[in-house]
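In case you want the letters, here they are:
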Amino acid sequence: MKELIEYIAASLVDDPTQVRVRQEWVGGKARLELWVAKEDMGRIIGKSGRVANAMRVLLRVAAAREGKQATLDVMEPR
Amino acid sequence: MSHEKTTLEIIAPTVEEAVAKGLNQLGLREEEVEVEVLDAGSRGFLGLGSRQARIRLWIKEKESVQTAPLENEKKRPAKIERKPALSTNPTQPTEGTLDRDEKFVLATAEQITGELLQKMHLKARLKASMLPPQDENDQPTVMVEVQGEDLSILIGRRSETLNALQYITSLILSKEVGHWVPLIIDVQGYRARRERQLRVLARRSAEQVVHTGRKITLEPMPANERRVIHLELRDHPEVTTESVGEEPNRKVTIFLKKHHS
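So the protein sequences, as listed, match chains A and B.
Residue 16 in UniProt numbering sits at position 16 of the first sequence; the count goes up by one each step and never skips.
Residue 28 in UniProt numbering sits at position 28 of the second sequence; the count goes up by one each step and never skips.
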């Protein structure tokens, strides 16, 4: 799950070195947090969140294949 | 050599024209193909309600076909089956001559799709090909065909997963090759099948609207599917279509045209 999001994010941004994904477990569900450079936020979220939502759809399949559930949050750049 | 039947679907104003066009595209003579009429079309009345004819050409003996395109196809799958994937115009994968950029684009598209599927824990075989432009203003479209077992999870509800995969792949592909490339991903011929279903649905619903005079609202559909409905009924003499609602619940409505008196 983490690899999927890392791969997509790193492929879409201008600065792949700033891509970070953290995966934690909350009540049996995986929660993925994604950070990218401030300048790349637009690419990762997309118009009306379209890119982030497509990532969530693919993540759901990846999780389902592992018999799990997962959510994705795009985090504010630090 | 593949044992799959090689087919090509053609749309033209009349069956005769469609056959001629198809033979011309394939570089074959009439005796080398079988013609299946999918829709004989109709001339309509006073230019209204005319519907294009749709035919499918089956190539009888692939081995006997001696045309330049197939010569060049050696490194590519020798399949000319049409994968329309939500378009209304006849298309066929490019014949032979791919330039270096196109080869790079195809290899990259295949690699990205493979990477994504692998990270989604899905096993599949992939094949990328170029669909030629559908009109002068269009550019070639990359078609990635996904084959494998148990891939319904990859289509998802209302083809949500397939569309997400296609969207992400086309974004990454465009970024990697440095320009926008139209891309379609199909799973086990799903898009072609779905397009046929949608066309039938469109025509049946239109008939019902004409019969009852009542508006019909279809199930929510993604944009590419709504487009099939709109296109199918674009030239309908009595009904007109419109999309209503917000994504992802946008729906096509079909209703009677207002007649000017």
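There may be inaccurate statements among the hints.
Said to hold, decoys possible - Cross-link-like lysine-lysine pairs, in silico, DSS-like; alpha carbons within 27 Å at most:
(1) Lys123(B) / Lys2(A)
(2) Lys215(B) / Lys258(B)
(3) Lys68(A) / Lys2(A)
(4) Lys29(A) / Lys68(A)
(5) Lys68(A) / Lys38(A)
(6) Lys103(B) / Lys29(A)
(7) Lys258(B) / Lys47(A)
(8) Lys119(B) / Lys103(B)
(9) Lys175(B) / Lys215(B)
(10) Lys29(A) / Lys2(A)
(11) Lys119(B) / Lys68(A)
(12) Lys127(B) / Lys175(B)
(13) Lys127(B) / Lys29(A)
(14) Lys175(B) / Lys123(B)
(15) Lys119(B) / Lys38(A)
(16) Lys2(A) / Lys175(B)
(17) Lys175(B) / Lys38(A)
(18) Lys103(B) / Lys123(B)
(19) Lys38(A) / Lys2(A)
(20) Lys251(B) / Lys215(B)
(21) Lys47(A) / Lys257(B)
(22) Lys175(B) / Lys103(B)
(23) Lys123(B) / Lys68(A)
(24) Lys119(B) / Lys175(B)
(25) Lys47(A) / Lys215(B)
(26) Lys119(B) / Lys2(A)
(27) Lys127(B) / Lys103(B)
Said to hold, decoys possible - Listed next, the stretches of chain A that the computed footprint assigns to chain B, with coverage defined by at least 3 CB atoms under 8 Å from CB atoms of chain B:
(28) 8 to 20
(29) 62 to 71
Hints in this document: simulated from the structure, not taken from any laboratory.
Beta carbons are placed, not taken as given, at the ideal position from N, Cα and C, and that holds for glycine.
Going through the hints against the structure:
1. Lys123(B) / Lys2(A): holds (18 Å)
2. Lys215(B) / Lys258(B): With a Cα-Cα distance of about 12 Å, the restraint between Lys215(B) and Lys258(B) holds, given a limit of 27 Å.
3. Lys68(A) / Lys2(A): holds (13 Å)
4. Lys29(A) / Lys68(A): With a Cα-Cα distance of about 7 Å, the restraint between Lys29(A) and Lys68(A) holds, given a limit of 27 Å.
5. Lys68(A) / Lys38(A): Roughly 31 Å separates the two Cα atoms, so the pair is violated.
6. Lys103(B) / Lys29(A): violated (42 Å)
7. Lys258(B) / Lys47(A): violated (36 Å)
8. Lys119(B) / Lys103(B): holds (24 Å)
9. Lys175(B) / Lys215(B): violated (43 Å)
10. Lys29(A) / Lys2(A): holds (13 Å)
11. Lys119(B) / Lys68(A): Roughly 15 Å between the alpha carbons, so the hint for Lys119(B) and Lys68(A) holds.
12. Lys127(B) / Lys175(B): holds (21 Å)
13. Lys127(B) / Lys29(A): violated (35 Å)
14. Lys175(B) / Lys123(B): holds (25 Å)
15. Lys119(B) / Lys38(A): holds (26 Å)
16. Lys2(A) / Lys175(B): holds (22 Å)
17. Lys175(B) / Lys38(A): This hinted pair holds, its Cα atoms lying about 18 Å apart.
18. Lys103(B) / Lys123(B): Cα-Cα ~24 Å, so holds.
19. Lys38(A) / Lys2(A): Distance ~21 Å between Lys38(A) and Lys2(A) Cα, so the pair holds.
20. Lys251(B) / Lys215(B): holds (13 Å)
21. Lys47(A) / Lys257(B): violated (34 Å)
22. Lys175(B) / Lys103(B): holds (16 Å)
23. Lys123(B) / Lys68(A): holds (18 Å)
24. Lys119(B) / Lys175(B): Holds: Lys119(B) and Lys175(B) sit about 20 Å apart, inside 27 Å.
25. Lys47(A) / Lys215(B): violated (32 Å)
26. Lys119(B) / Lys2(A): holds (9 Å)
27. Lys127(B) / Lys103(B): holds (12 Å)
28. 8 to 20: holds (count 3)
29. 62 to 71: Per the Cβ count (4), the hint holds.
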